[in-house]
Structures are given as C-alpha cells and as structure tokens.
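Q: Residue numbers (the working numbering), protein chains in the order written: chain V, 1 to 184; chain W, 1 to 562.
Treat the hints with care, since some could be wrong.
As the list claims (entries may be wrong) - Now the in silico label distances, taken between C-beta atoms and shown as ranges:
id, chain 1, residue 1, chain 2, residue 2, range
1, W, 59, V, 26, 34 to 44 angstroms
2, W, 216, V, 7, 25 to 35 angstroms
3, V, 72, W, 32, 28 to 38 angstroms
4, V, 21, W, 39, 14 to 24 angstroms
To be verified - Simulated pairs of lysine-lysine, BS3-like, Cα-Cα distance not exceeding 30 angstroms:
id, chain 1, residue 1, chain 2, residue 2
5, V, 92, W, 39
6, V, 30, W, 206
7, W, 30, V, 66
8, W, 39, V, 94
9, V, 94, W, 35
10, W, 274, W, 337
11, V, 69, W, 166
12, W, 35, V, 31
13, W, 298, W, 370
14, V, 92, W, 35
Claimed, not checked - Some chain W residues judged to face chain V by a derived CB distance under 8 angstroms, without partners named:
id, residue
15, 12
16, 15
17, 19
18, 22
19, 23
20, 24
21, 26
22, 30
23, 32
24, 33
25, 36
26, 38
27, 43
28, 165
29, 206
30, 221
Hints are computed from structural coordinates only; laboratory data are not their basis. Ideal Cβ placement from N, Cα and C applies to all residues, glycine included.
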Amino acid sequence: MVDEHDELREEWRQIELALTNNEAFAPLYKKYIQKIFRYCYHKIGSQEDARDIAQQVFVKAILNLKSFKNKGFGLSPWLYKIAFNEINDWIKQKNREEFWINNELVWAEMGVIQNVDEEIFDDQMLGTALTKLSEDSLELIRLRYFEKLPFAEVAEILSITESNAKVKVHRTINELRTYITKKN
Amino acid sequence: MKNRKYKLVKSLPSPNEQILNEINDFEQIKEMASKANPKDYILKSNKFNLKLASIIVGSALIIMVIIFWIIFNKEKKTAFIEEINYKEEPSSLLTKKFEEFNYVSGEADTFFTEKGSIIIFPACKLQNDSKNEVEGDVTLRFRQFNNSAEIALSGIRLNYDSAGNKFLFESNGMFEIEAKQNGNNLHIPADCPCKVLLTTNSFEPKFNNYFLDTATANWVYIGPMVKEKLEILGAIGNNEVLLDQTELTEFVEDDKTPDVNQLELPKLPPLPKKDDEELPNFKINAKENEFPELAVYKGILFEVEPRDAKRSVPLFGMVWSNIDLVTVNPGKLYKVKMQKFNKSNRLVSSDSLLVHPIIDQENYEDELKKYKELERKHKLAIKKQAEEFESMKALARKQSDMAAMEARIRNIKQVKAINGLNYSSFRSAFNVAYFGIYNSDNPMHNQNPKLDVTINVGNKFDYKQALSKVHLYHVIPANNSFITNYLIGIRNETLKFTAQPYFNEGEKFFIVINEHTIAVWNSQYLMENRRSSSLELDLKKAKVYKNLENENEAVRALLDDK
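Work the whole structure out from these sequences, hints included.
A: Structure representation (structure tokens):
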C-alpha cells in the first residue's frame, strides 16, 4: 500500500517545500511543463498561444498552491484542470469556433479502436469521426488516449466519478465504431 | 459545454526551438508569479459565484431547518456524531515512564537508553528560561515510543496538518527528550544541538523526521531520515551485539597538549654594559612608560656605537631643536634622532646616531648585583614554568587516556534486544535543537473516509459517562507501526463515525475508556462484522481490560490480544 506511492510522496514533499519557497517549485515545473504545453498545443493548434496558456497555468499553480488538495494523484490532474479552464477562457476571449484534432495523434494513440476492427479502420475516417463527437466526449478521448492519463485522473479533471469516466469512454468508443461502420 | 467545430489536420508541426526554450525557462515563470497580482489569478473553482453561493446558503438553511425538526420532534434521539476539533490535543492516557540520566551541563557526554538509542551531547552548556547558561548536574529525561500501543497510550497527537492537508501517522518511532535542573526546564543553546540516534522499527528510506511544535499543536518537518551506521564488532548471545561506538567520541575533547608559547614567560631585562672610555656617551631622559626595560636600572647613559663614534663628535657641538630616542632592540640598541629648525620653524638640519645603554661607573656594581638577583629569580621562574608545563601535559595525557577509556567502555556495552525494534547497526539520526517530542514518520494522506463505523454502546454500559469523548484507535500492526486515531464524541447508545477504508486481517480497533480501562475489538470480530463500506462494533463483544495498573499491562493488552 505504501511503497507504490513513493513517487507521489516525493512529489508531495516538493509541494510542501514549494508552499514556502517558489524556487522549490522548479522540479515540479520541469516534470509537468512539457505535458501541459503539449495538451494546450494539440487542442488549440497555435504554438505561441499554447506557450502563453501553459505559462499562465503554472503562474496560477504557484500562486494557488495553498489551495491544492492532494487526493492521492499528485499535481497532474490539478494542472490539467487549470489548463482545461484556461483554454476554455481563451476560447471565449478569442471567440474561436474551430479547433484542431491532430490526425497523427489519432493514428498513434488510438490503436485500441484500430485493433478492434482492422478491416474497416481508416485513420482519416477515425479522425473525422472524432470531429463529430460532443466536446465532453472528445475531451475524455483526449485525456485518456492522447494524454494517456489513468481513468482516475481523467475523472478528477472532469469532476466525474472514475466509473462514470470508464462508462463514458466506453460509450464514446462505441459511438466512433458505429460511425466508422456506417461510413463503410 | 457548448459544441464546437473541430478541424482535422494531418499533423501539427513540432514546436520550434525558441518556443521550447521559452517554456522550459522556470525563471521566467517565477518572475511572472512574483509580479502577478494574486487577485487576478484566483482559480476558477475558488472564484466567488453569487448565484452558486445563494443556492448553497439557501440549501444549508433548508437542511438546518430539517435537522432541527428531526432533533426536536423525535421521541427517541438518534445517533449523534460529533467530530472533535482536529487541533484538540488528546490527553495522555497512560504515562510512559522516562529513563533518567545524570548529565553535567557543558560536558561532552554520551548516553545509552534501554532500547539501544544513543544520546550525544556536545560540550555546550544548557540554558535556563532566561537563556543564562547553567552549570553542574542536570537530570536528562528520555522516553521512546515504538509500537502502536505505546504511541497510542502516550497521548501524543497522531495527526499531521500540512498547509490544510490532513495526514495520519505511520510512525517509525517517536521519542521525547527533556532536561531539568532543580525541577526547572532547561533548553538547548542555539547552534549547539545534541544528537539522538534512535532505534526504529524500520530503516526504509521513506520516513522523515518531525518535531512536535506544542505552540501550534502541529508537527514540523525537519528533514528526511538520516541513517547512521555503527560498526558491529560482534554478536553476544541472542539478539545482542557489540557496537563500535568509537566514532561517538567525536564530542569528547581531544588531547589538549598545552602550547608552551601560550605560557607567559618571566622577563629579565639585559644588563647594560659598562662604559667604554674611547666612545662618547651622553644622557637622555628616557621616559619610564616608553622604555620600561631601562627603568629597572639606575645611572643609565647612552654610548655611541663604534661605527658612529667619529662622526658623532661634531654633532655634539651643535645645538639641536629636538632630540628623540627610538627603540631598535629593547635594552640593547637605540637610535637617537636629532633635528634643527630655523626661526621660521623650517627644518634646516637633521641626523641620527646608533647608541646602546650603559651604566655609569658610580652605579655599575650595585646594578650588577641587582641584575644577578633578577637573573636568579628568572631562572627559578623558568624552572617552575617547565614543571607547570609538564604537569599540564600529564593532565592532558590523562584526559586523553580517560576519553579513550570511556570509548572502550562504551564499546563493551551490550545492546538489549527488544522485539519489534531494529537492532541493526543503523540508527535514525536526529539533530535535536529543542527539547521536546520527535517522530520518524511517513504521514499518510487522510483520504476521504469511506468506512462507516457504528459502535453500539448499550443502555447499561458502565462507562457511558466516560465515553462522552473517546479516542478510538485503529491499529495496523503489519509493520508494528501504522496507527490512526479518531477523537470523537458519543451520545446516547450509538456512536457513528467514518474511518479509513484500509482494513486487513490482524488489525484491531480499541478505545481507551479511562486511564485504567481499554476495550479492544480483535481482528476476527472486525473481519466478521465488516461490510463493503460499513463496520458495526458492539461494545458488549469487545474484550475489556480493566484495572490496568501500568503502561506495560496496557501495551500487552493491546498487542497480545488474539
């Protein structure tokens, strides 16, 4: 019960230190900045904007670290949640209506669907299918497959239960299969 | 969430190097954070939402009305759960006795406790409440808690609050140390901490050191656990070893070989020469405070050095405005500086002569006798000094031998083995800057409780009164250390509370009813009554240990119960 959480404990120790000294946040920043930048970039398609948003995420994290509550996952879902909200705010400000799905990622990360029905699989078609999903469903797919987060963390970010996250992902994949099958 | 349009792109270009460099620059983030107005960076979930707040306040009012209605309209009162303030300190239930040692304030010393822990004091004087150093005998008091029962009964708080995040204990061992003189508490001087090498249950690297700050009633993180290795010289019988504690003599003062140069040597002024008829001499008034070496003798004159003798003759015929005497070699050689100024006070001429002191003929014999007497006293003083020096060296050797002997005595100390403690050659090292309570711990995060526990107390239970506020402990003896406690209130016949979901065979719950009575639910009973998310405990089914006279009986009751 204890040993498998050594990394989390170390992270928690770093958070404790960072509570009194911003400098101590450096290892946490180094650990997560690439992931958060990548998440932002793949969602909005602009490197410069993704950079700005990712930086804002970490400034907010440093300034609000006292309000962070460790629920056993470490800092990861909290940072994704801030990033998720930051991107939504950015979308509202920019009045954007069009967003990106990187087909390369679809191809690389969504083998789970590819393997199910190889004959009918077409990555372009799967990508197209993703564009038809609701924003909620697409976010689940992004976090679970593109960001490779465990269900528990996905659930934490989207403020749903873990079992609900599992059910929703399962339904979304079925939805995608149905779309692809129909198109074929 | 509003549906948006998504565009499928074949691929997104990799981020360029400049962007990557910028995002990897933590200094920039730090600077942004330091300049930012925190009000502009409040997290979304923390922002005040008037609409949401209204709903919450409204709902809370409705719930309160319902609760009051239930409480005041029901004939039989239902179970009541009262979580006692987290900050409230649990009271000491059974007092574990201190081990006492006699320590002389200011001396380097090492003490060995019954459980094999080692206390090392450097040569620093302890201080009283007024921060004045104290001397003489001091009573050093030490007690150590290693198993879950000892920790529970100690009354030491078992919760850790780190910036609002609550943790429970998984203690690897605790100790309390204090020092008293004439009943008054003493303190460790700043920058001169003592050291405690604690025997612990485990030496896994996961533990950290904590100090209990009684002012804030919370634990203070000191640093990660530091293991200190003592070389095992050999085993003696079962579970007993010889430890090489030579290194512990680091605080024993080293061989203090005295430095002869530091001793003050008696001074003997040289005897001035007799006058030389071929050399000119003269008298200058040498001030006693400037030339003490000359003041010893009467009839002092200054004779010109042979090399300046010839050229000195015309100088004696001149009238000098100013003549100064300067020391070259005290008692033996001096320089006479001569200056001449005109009416306008401008220097028109200057010269100097090397001279040595002599005693005039009239006084020479008397002064020679005086010198002989001074020389005799000087020789005696030198002899005495040499003897004193030898004596100091002998004392230093003795002290050094004593230190070595002490070290050897320490080496043959046997370390008693007690079940559950780690008697390897490792000790967990603590730098003890304050007397108080210390803990080697790995705090477990207090997750959302999931297990609902109900205790049926029963109408006729004798201890109902005592149970108005109880400590309920969950002991997980897997590594003989993990323990959680719940400080709860109880009313009527039933007590309900929520506990950690961890629950395995071998674990038990117990409540301390009063200082002589403990009720324990054993593992088998707990396993049989545990449901997926609830646990019902009947006090009638608990094994109640009454009339416990001392902590050993209590600990045995808790640990030996099958």
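Q: Run every hint past the structure and note whether it holds.
A: Going through the hints against the structure:
| no. | hint | in the structure |
| --- | --- | --- |
| 1 | W/59 - V/26: 34 to 44 angstroms | 43 angstroms, holds |
| 2 | W/216 - V/7: 25 to 35 angstroms | 30 angstroms, holds |
| 3 | V/72 - W/32: 28 to 38 angstroms | 30 angstroms, holds |
| 4 | V/21 - W/39: 14 to 24 angstroms | 22 angstroms, holds |
| 5 | V/92 - W/39 | 20 angstroms, holds |
| 6 | V/30 - W/206 | 23 angstroms, holds |
| 7 | W/30 - V/66 | 16 angstroms, holds |
| 8 | W/39 - V/94 | 22 angstroms, holds |
| 9 | V/94 - W/35 | 25 angstroms, holds |
| 10 | W/274 - W/337 | 23 angstroms, holds |
| 11 | V/69 - W/166 | 10 angstroms, holds |
| 12 | W/35 - V/31 | 23 angstroms, holds |
| 13 | W/298 - W/370 | 10 angstroms, holds |
| 14 | V/92 - W/35 | 25 angstroms, holds |
| 15 | 12 | 5 angstroms, holds |
| 16 | 15 | 5 angstroms, holds |
| 17 | 19 | 5 angstroms, holds |
| 18 | 22 | 6 angstroms, holds |
| 19 | 23 | 5 angstroms, holds |
| 20 | 24 | 7 angstroms, holds |
| 21 | 26 | 5 angstroms, holds |
| 22 | 30 | 5 angstroms, holds |
| 23 | 32 | 5 angstroms, holds |
| 24 | 33 | 4 angstroms, holds |
| 25 | 36 | 6 angstroms, holds |
| 26 | 38 | 5 angstroms, holds |
| 27 | 43 | 5 angstroms, holds |
| 28 | 165 | 6 angstroms, holds |
| 29 | 206 | 6 angstroms, holds |
| 30 | 221 | 7 angstroms, holds |
In this structure, none of the earlier numbered hints is contradicted; all agree with it.
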